[in-house]
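First to last, the protein sequences are chains E and C. The C-terminal position of the first sequence is numbered 465 in this note's numbering, with every residue numbered one higher than the one before it. The C-terminal position of the second sequence is numbered 540 in this note's numbering, with every residue numbered one higher than the one before it.
For the record, the hints were derived by calculation from the structure and aren't laboratory data. One or more of the hints may lead you astray.
[To be verified] Straight-line alpha carbon distances no greater than 25 Å define the calculated DMTMM-like cross-link-like pairs of lysine to aspartate or glutamate that follow:
1. E:Lys-327 to C:Glu-358
2. E:Lys-327 to C:Glu-392
3. E:Lys-327 to E:Asp-345
4. E:Lys-239 to E:Asp-345
5. E:Lys-239 to E:Asp-222
6. E:Lys-239 to E:Asp-301
7. E:Lys-327 to C:Asp-534
8. E:Lys-327 to E:Glu-292
9. E:Lys-239 to E:Asp-302
10. E:Lys-327 to C:Glu-384
11. E:Lys-239 to E:Asp-190
12. E:Lys-239 to E:Glu-387
Spelled out, the chains give:
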Amino acid sequence: MMARQRGWRLAVRRDWRVIAPFALLALLAAAVVLPNLAPPLSLANPDRTSASGFRAAIAALPTKPLVLVAFDADFGSYPEITYATRSVIDDLVQEGGSLAVVSYSPEGRALASAELERLRRGGMGDDRLLDLGYRSGVEAALVQSVTSIVPKASSGPIAVRIRGGGGGIDAFDAALIVGGGDLGPRIWVEQVATRSPELPLLAIAPTFLWPELQPYLASGQLAGLLGTLRDGVAYGVDRADGADSEAAIDGPPSALAMLLGMLVAIGVLLEATGDRLTSWLGEQRLARRP
Amino acid sequence: MSGFFGNDLAGIAGTTIAALLTIAVWSYLAGERRLFAWVQHLLAGLATGYLVLISVREVLVPRLVEPLIDDPRGNLVLWPALLLVLVLTLARWLPRPVVAVPVALLIAGTAAFALGGAVVGTLLPQLAASLLPAGATSGGMLNALAGLVITALVVVAFLHGTRSGPIGAVAAGTGRWLLIGGLGGWLGFLFVSRLALLVERLRFILVDWLGLGR
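Pulled out of the complex, with its shape left as it was, chain E reads as follows (with noise of 0.2 Å):
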């Protein structure tokens, strides 16, 4: 009789466990289609220290900025910073700035090259809009951009207006760092700031690498830092609620989703320290046994 019991405990416990991933999708769809379900749920964090002082770090820009995007996102993060990017892409452009996107990163080329091909379908022309392409090399691209980050083949009033200023990153007013790659906002750092100090430098990066890049944000050699997904939104959701309906980007990802999905992975966490306490006190008992 207890055999059939735990027979039958451990295929209802198998067969959960070929449900499971199913039911979660089913249960993340349900959430990301019906958004409104909890409308008190909000991914913008309360506390807009970082957003705000990303949003003074742009405003003290000088009017209608050149700004070099260094977009070097991986695909696995880039969903995280989507809203973020876009929106301060759509304040630089709003500002009347230039943008030329450069990737040091195969995986940030890709990314980058649909982005662009989004801001062209948005509109936005030649003359304030400069595709750099792909510089390999890592560090040595880097430092070698500090001098000359032009290609020979690049025309247009943008690249003009870089080769007037030296050709280099100097000739820039700011660069906006779009992380989540091998070569993030810390390489940066390291290489360019090092050669172009007055440079500021603006990030934009997945959750995992804030630990890394929070204090460089505050010894002051990033000017302004969206490092987690709830600033990211914060930055976004400020920005919409004072921008006109033109310029509204696609939405963050559904905050109720990613509640439940973190519930969930709280749940497993617990189910999976709940079998490791339960063996080891069976393990326990057996050895107190005679």
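Since the structure of chain E is provided, determine the placement of chain C on it from the hints.
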């Protein structure tokens, strides 16, 4: 909306293919190994093709071949680079002393940039930023003390095999747990990225592709 595709025919085709491939990846959950393996091969093939394309179009031709053809004497630095490319692709028969020079230049340059940047850009400025000013608040001093103690304990945890008494063993154990706690926190941060990726993929399929919830 992912924003990566337009509303024209190419955009609709791109959205459909991307959605079907995402579902093909998820088919692994239902035990469908062949479809999953096929998608993996597709990814590997596309990634290889993309890397070759980007290497040839954006690196080798405009930065190596063209400058050497235009001005071979003025671009002397590029000759070792060409030698390195040959070594890595075709000319494995070249004698070791010839091969060693460009490879050594590559490794030494990478190491020098990384190490120099880490010292000048991270270590020294961060040490300077960590120094407590003369009029530091008690909160600041407490933070500094906590940072110092945690750093010391983690360093002790790394001293594997070093003979130590009971206090050293407790310190090493505490440092190891702090290290594990840090790794756990970092994995928690990474989980946020991956969860956002999953939620975005679901939104892509349900909203962008199927048009639900628009």
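Hint check, failures only: The structure conflicts with hints 1, 5, 7, 11, 12, although it agrees with all the remaining ones.
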